[in-house]
Amino acid sequence: MTDQEHAKQIRQLIDSWSKAVARKDVEAIMQFYSPPLRAFDAIGPLQFQSRDAYQQHWQHCMTFCPGEFRFEVHQLEVQADTELAFCHFLNYGGGTDHQGQLHLCWLRCTQCWQLQPDGWKIIHEHFSVPVEMGSGQGQFELQPDQ
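Just so you know, we're using full-length UniProt numbering here: the sequence shown kicks off at 1 and counts up by one.
FYI, nobody ran anything at the bench for these hints, they're computed from the structure. Hints may contain errors.
[What the hints assert, rightly or not] 20 Å max Cα-Cα, derived DMTMM-like pairs, lysine to aspartate or glutamate: (1) 8 to 81; (2) 19 to 81; (3) 8 to 72; (4) 121 to 145; (5) 8 to 145; (6) 24 to 52.
Work out the full structure, taking the sequences as your base and the hints as a guide.
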């Protein structure tokens, strides 16, 4: 299989993963992650060092958005070879809170995938939001360059 074919597989997996996230289907989401995992999320602890810990985090995060939930992948870039794939993208998403208000913003995401015996799995993920250094506040109002 060529590097381009591996990259195409990763793009298809990211599409399936993002649809699982949009459905808030944590069990389906976690099928994309390797048990040895390190994740840096934009919310919560500094890092997650296991798939189980990250699954609990995903479940906890979904409780904040009981209504509509959006999760869109934009500007996806993928580099892949026969063992590892690296990708980054902008994520537009958020959800409806307990008061019925829809909160959406842009985040940055980087993932590293590894080809394992049971297929490609995410071994590292990093979500972040830019921070304004003077105030320490997240810059949730930023928009991507076109």
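Here is how each hint holds up against the structure:
Note on residue 8 and residue 81: the hinted pairing holds, with a Cα-Cα distance of about 11 Å set against a maximum of 20 Å. As the CA atoms of residue 19 and residue 81 are separated by approximately 25 Å, the hinted pair breaks the 20 Å bound. For the hint pairing residue 8 with residue 72, the CA-to-CA distance comes to about 18 Å; that is within 20 Å, so the pair holds. For the hint linking residue 121 to residue 145, the alpha-carbon distance of about 30 Å lies beyond 20 Å, and the restraint is violated.
Of the supplied pair hints, the one linking residue 8 and residue 145 is violated, its CA atoms being roughly 25 Å apart against a limit of 20 Å. For the hint linking residue 24 to residue 52, the alpha-carbon distance of about 17 Å falls within 20 Å, and the restraint holds.
Of the numbered hints stated above, those contradicted by the structure are hints 2, 4, 5, listed in ascending order.
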